[in-house]
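Full structure from sequences and hints, please.
Residue numbers (our numbering), protein chains in the order written: chain A, 20 to 347; chain B, 31 to 353; chain C, 253 to 592.
If you are wondering where the hints come from, they were derived from the structure by calculation, not from laboratory data.
Small disclaimer: the values here were computed from a predicted structure and weren't measured.
Note that beta-carbon positions come from the ideal geometry of N, C-alpha and C, so glycine has one too.
Take these hints with a grain of salt, some might be off.
Straight-line Cα separation of at most 20 Å, EDC-like style, residue types lysine to aspartate or glutamate; simulated pairs [what the hints assert, rightly or not]:
| # | chain 1 | residue 1 | chain 2 | residue 2 |
| --- | --- | --- | --- | --- |
| 1 | C | K587 | A | E187 |
| 2 | B | K164 | C | E571 |
| 3 | B | K164 | C | E271 |
| 4 | C | K440 | C | E571 |
| 5 | C | K591 | A | D203 |
| 6 | B | K86 | B | E241 |
Calculated Cβ distances over 12 Å to all of chain C for the following chain A residues [stated by the list, open to error]:
| # | residue |
| --- | --- |
| 7 | H40 |
| 8 | G83 |
| 9 | I163 |
| 10 | I191 |
| 11 | L230 |
| 12 | N247 |
| 13 | R294 |
| 14 | Q341 |
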Amino acid sequence: MAKEVVVPPLGQTTAEVTLVHWYKREGDAVQAGEPLYAIETDKAVLDVEAPASGVLRAVSAAEGQTVPVLQSIAVIAAPDEAADAPSAAPGALSPDTPAAAVPAVAPRPAASTPTFEPAPGASVPVAQPAFRTASADATIRRLISPRARRLAEAEGLDWSAVPASGPEGAIIERDVRAALEARDRLSASASASAAEPPALLMVEADMTQALHAVAQLRGSNHPLTITNLLERVVRHVGADDAGFRATLVHRPECVATVFAAPLVAGYSAALGVGRIAERPWTLGGQIVARPICWLALTYDAHTLSEAQANAWLGALQRLIEQPALLLV
Amino acid sequence: MSGQAQSLLDLYRTMLTIRRFEERANALYMEGKIPSTLHLYIGQEAVATGVCAVLKRTDYVLSTHRPHGHAIAKGVAPRDIMAELYAKVTGCCKGKGGSMHAGDIRVGMPPAVAIVGGNAPIAAGMALACKFQKNGGVAVSFFGDGAANEGAVHEALNMAAIWSLPVVYVCENNLYGASTSFSTVFNIANVADRAPAYGIPGVIVDGNDVEAVREVAIEACARARAGAGPTLIEAKTYRLCGHSRSDPLTYRSKEEEAVWRARDPLVIAAQRLKERGEASDADLARVEAEVKAVIDEAVAFAETSPDPLATDALKHLFVGESA
Amino acid sequence: MPMMSIAEALRLAIREEMERDPRVFCIGEDIGVTGGFGGAFTVTLGLSEQFGHERVLDTPISEIGLAGAAVGAAMAGMRPIADVQYGDFLFCMMDQLANQAAKMTYMSGGTVSVPMVMRAPVGSTRRGSQHAQSLEAFMCHVPGLKVVAPATAYDAKGLLKAAVRDDNPVIVFEHKLLYGSKGARSEKGALSPVGEVPSEDYIVPIGKGIVRREGSDVTIVGKLLTMYQALAAAETLAQEGISAEVIDPRTLVPLDKELILASVRKTGRLVVAEEDNRTCGWAAEIAAMVAEEAFYYLDAPIARVSSIDTPPPFAPVMEAFYLPSADKIVDAVHKLMGKN
Numbered sequence: 020m021a022k023e024v025v026v027p028p029l030g031q032t033t034a035e036v037t038l039v040h041w042y043k044r045e046g047d048a049v050q051a052g053e054p055l056y057a058i059e060t061d062k063a064v065l066d067v068e069a070p071a072s073g074v075l076r077a078v079s080a081a082e083g084q085t086v087p088v089l090q091s092i093a094v095i096a097a098p099d100e101a102a103d104a105p106s107a108a109p110g111a112l113s114p115d116t117p118a119a120a121v122p123a124v125a126p127r128p129a130a131s132t133p134t135f136e137p138a139p140g141a142s143v144p145v146a147q148p149a150f151r152t153a154s155a156d157a158t159i160r161r162l163i164s165p166r167a168r169r170l171a172e173a174e175g176l177d178w179s180a181v182p183a184s185g186p187e188g189a190i191i192e193r194d195v196r197a198a199l200e201a202r203d204r205l206s207a208s209a210s211a212s213a214a215e216p217p218a219l220l221m222v223e224a225d226m227t228q229a230l231h232a233v234a235q236l237r238g239s240n241h242p243l244t245i246t247n248l249l250e251r252v253v254r255h256v257g258a259d260d261a262g263f264r265a266t267l268v269h270r271p272e273c274v275a276t277v278f279a280a281p282l283v284a285g286y287s288a289a290l291g292v293g294r295i296a297e298r299p300w301t302l303g304g305q306i307v308a309r310p311i312c313w314l315a316l317t318y319d320a321h322t323l324s325e326a327q328a329n330a331w332l333g334a335l336q337r338l339i340e341q342p343a344l345l346l347v
Numbered sequence: 031m032s033g034q035a036q037s038l039l040d041l042y043r044t045m046l047t048i049r050r051f052e053e054r055a056n057a058l059y060m061e062g063k064i065p066s067t068l069h070l071y072i073g074q075e076a077v078a079t080g081v082c083a084v085l086k087r088t089d090y091v092l093s094t095h096r097p098h099g100h101a102i103a104k105g106v107a108p109r110d111i112m113a114e115l116y117a118k119v120t121g122c123c124k125g126k127g128g129s130m131h132a133g134d135i136r137v138g139m140p141p142a143v144a145i146v147g148g149n150a151p152i153a154a155g156m157a158l159a160c161k162f163q164k165n166g167g168v169a170v171s172f173f174g175d176g177a178a179n180e181g182a183v184h185e186a187l188n189m190a191a192i193w194s195l196p197v198v199y200v201c202e203n204n205l206y207g208a209s210t211s212f213s214t215v216f217n218i219a220n221v222a223d224r225a226p227a228y229g230i231p232g233v234i235v236d237g238n239d240v241e242a243v244r245e246v247a248i249e250a251c252a253r254a255r256a257g258a259g260p261t262l263i264e265a266k267t268y269r270l271c272g273h274s275r276s277d278p279l280t281y282r283s284k285e286e287e288a289v290w291r292a293r294d295p296l297v298i299a300a301q302r303l304k305e306r307g308e309a310s311d312a313d314l315a316r317v318e319a320e321v322k323a324v325i326d327e328a329v330a331f332a333e334t335s336p337d338p339l340a341t342d343a344l345k346h347l348f349v350g351e352s353a
Numbered sequence: 253m254p255m256m257s258i259a260e261a262l263r264l265a266i267r268e269e270m271e272r273d274p275r276v277f278c279i280g281e282d283i284g285v286t287g288g289f290g291g292a293f294t295v296t297l298g299l300s301e302q303f304g305h306e307r308v309l310d311t312p313i314s315e316i317g318l319a320g321a322a323v324g325a326a327m328a329g330m331r332p333i334a335d336v337q338y339g340d341f342l343f344c345m346m347d348q349l350a351n352q353a354a355k356m357t358y359m360s361g362g363t364v365s366v367p368m369v370m371r372a373p374v375g376s377t378r379r380g381s382q383h384a385q386s387l388e389a390f391m392c393h394v395p396g397l398k399v400v401a402p403a404t405a406y407d408a409k410g411l412l413k414a415a416v417r418d419d420n421p422v423i424v425f426e427h428k429l430l431y432g433s434k435g436a437r438s439e440k441g442a443l444s445p446v447g448e449v450p451s452e453d454y455i456v457p458i459g460k461g462i463v464r465r466e467g468s469d470v471t472i473v474g475k476l477l478t479m480y481q482a483l484a485a486a487e488t489l490a491q492e493g494i495s496a497e498v499i500d501p502r503t504l505v506p507l508d509k510e511l512i513l514a515s516v517r518k519t520g521r522l523v524v525a526e527e528d529n530r531t532c533g534w535a536a537e538i539a540a541m542v543a544e545e546a547f548y549y550l551d552a553p554i555a556r557v558s559s560i561d562t563p564p565p566f567a568p569v570m571e572a573f574y575l576p577s578a579d580k581i582v583d584a585v586h587k588l589m590g591k592n
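What follows is the structure, encoded as structure tokens:
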């Protein structure tokens, strides 16, 4: 049975995208999960994976064309199947279409690994993408109070990346309420103006000093992990700049060295940190091997300028490369 | 069964009722009909019978973990006790007491107190109430020789003495506290020897002679009702059976048992009835048949009574709640 | 309306009940001696002069005997108010309370009643280990006993009267530092919460707690002295912008669960303050009850502020370390609020 190729919804602020490129042509065989086409929002270019295996047929959108989200733009048919042209109406996917029918999207910079997929739970009113990594099972367990969890679930909020302010780093009711308020604000502004997608800025950071600090403090009364250090950096930048409300997703087990964290509704930025790997690095004109990691800052391009995000990323990088500024 | 001016044959009938009730209960226990152990009173029937013969229905009796004899003598219906042993909802405690807590407050006997010595202060309190209420009532505390060494008994005897309470303490000295012999745990010959230390009369009586027991009880109760205070009666007796159903009786000699078996209170009373011409063998056989009918009826009642509901466990925690 | 200390309010309650009902009498050690103390903390002072020594009955120093006498008298139609000089001595009479008083009604299939009151002073007051313990949890653990703990003069009168009129055994816990006893029996460091006590007859129903201070961020449950510590803590917290609700259960058995649950559903946080030792304690029971019945309303772990698990120590510096306090309650709230 033919499977429609539907332009994915990219968050509550994106109403239409530009189809940049088809990786396959009409009649080509495609495998489920391989990049099928690329789309561009105002701030990002993303690959969209094929939703099924078969033959690409009935392509109705050309490269360069602007397409509304949820529009069906092609069909993947069985090799011997005749495909009808897809419906051109944007409402081809009814609102209650199961989330699983929506194709996966991958941000271009990390073409191989991280893939977008809708947040679990089709009742989530804001179709907020969440990243899945190659080792999704190794997600860090987050603490949330029963009261906060109850509220989040009642409101259909994915709490997995809500910043915590409770005891032992737990998400508590006030955190969920803040996230809900921000979400409401965002939906209000989204409905009032043109949509903007999240945007991404990335930079490499030299982790030599950070690793040194962790080694130094091992066994002391105040031991530190890299994750702790990153959390403190994010908190520190947040304390210095009230506009910087950021989540941190640290994926040391991720195959990719670059990891872009999902931007959570209500937060201005998300810092994704992947694996630390030894890389060639120039230092005083010499090429040396250094432990390097990528800092990927996802930010809300609708409300923030690239310059602001750039300043934050710089602050993050500076503190991570010179943790002594933080630890004194 | 309580009340004044009973004949020896009446006393014999009460003792026989206790004996046959317990023999039957023991047999039923062996058949698995009764879900708990039984502390039998066999051999001591003259004590409960002689004392309770002096009491009014409104007087109080406080008993022990060995209460069947006291209950029957005080007038609790054998069928209600048997149903309680069967753990039936019709039992005298609605299945919440069992053998060790048999009693029926309607005849002046609250649930028996199965904590050794525990009833002595309660008897003092009930006597205190009688004194406040000026109703002429008396409370009787039955306890064993083992209980005599409990602090609670000492405290109660002293309080009863200083306040001249209308209470009678009846120590049934059957020579063993469970398996421990009297001489091992007393440095005196008689429990009653302690009475002078409290400034009260101490009376020793042959606990297997129901008329002798009744005589001392009459005097003790009269003294109590007159406001002259408590009496400590020591009834010398013997348990002709084990402490509980698991007791092999290996701690006492067959010779000792034979001596006491010859002094079985039922045998003594029957001989005396015949000697005095107050009852013939035919009369005794008739009493035997009457008692058997009572016990048969009690067993039939227990057998046919309904079990309590499991959730009846929730009832009766407090007065005035889901009674 | 007359202002009274708790000792005076309890005395008034006893006097009114003895005047009202000839079945009521007092029994205890040193309670009615002419020229004596009126009990360890003056509560029965002057009552023997009014009612005579028969109805204000001094016993030998025989805790088992006096408790058992109260049980027996109650079973036989009287309404004894028994008095133990220090709560610690309840251990001496435990058979009479736990095996006899608590079980007679049950074992009799509901046909016997034991309408007795046992008053017991608790609280650590620089008397060392054996005149200082808080035995509330021990007594609450025995099915068949009702347990009340009045912390104000109003409640002292109303709850004691309700206890006398109840057809079941009721343990009344009183705190030594709250009596406001005067003269030789006054206590160093006492709070003496004098309060308005109506002259007319009233009862405080057994089983009803009360909100002593309304708040929205955290619920603090405290009884007897810890209720006042909770109020002091709430005042401190208010200055930091933390709004604490203080609940005084007043009756420990049967507990006014709904009052506590409703408060926790509102605030999402619970601190239970008690002077009892911590392990298997009263606060543990409250915490478990809330965890079972209001788990999804909790925004933080439940905290207990209890005495540490040692006997009450004598030296004031150690005693202060041992006992709960307003500061310790404030610290516990800070922890729950994510502040250090």
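Hint by hint, here is what the structure shows:
no. : hint            : in the structure
1   : C/K587 / A/E187 : 9 Å, holds
2   : B/K164 / C/E571 : 50 Å, violated
3   : B/K164 / C/E271 : 19 Å, holds
4   : C/K440 / C/E571 : 14 Å, holds
5   : C/K591 / A/D203 : 28 Å, violated
6   : B/K86 / B/E241  : 18 Å, holds
7   : H40             : 49 Å, holds
8   : G83             : 52 Å, holds
9   : I163            : 10 Å, violated
10  : I191            : 5 Å, violated
11  : L230            : 28 Å, holds
12  : N247            : 16 Å, holds
13  : R294            : 31 Å, holds
14  : Q341            : 27 Å, holds
Violated hints, listed in ascending order, are 2, 5, 9 and 10; each of the other numbered hints is respected by the structure.
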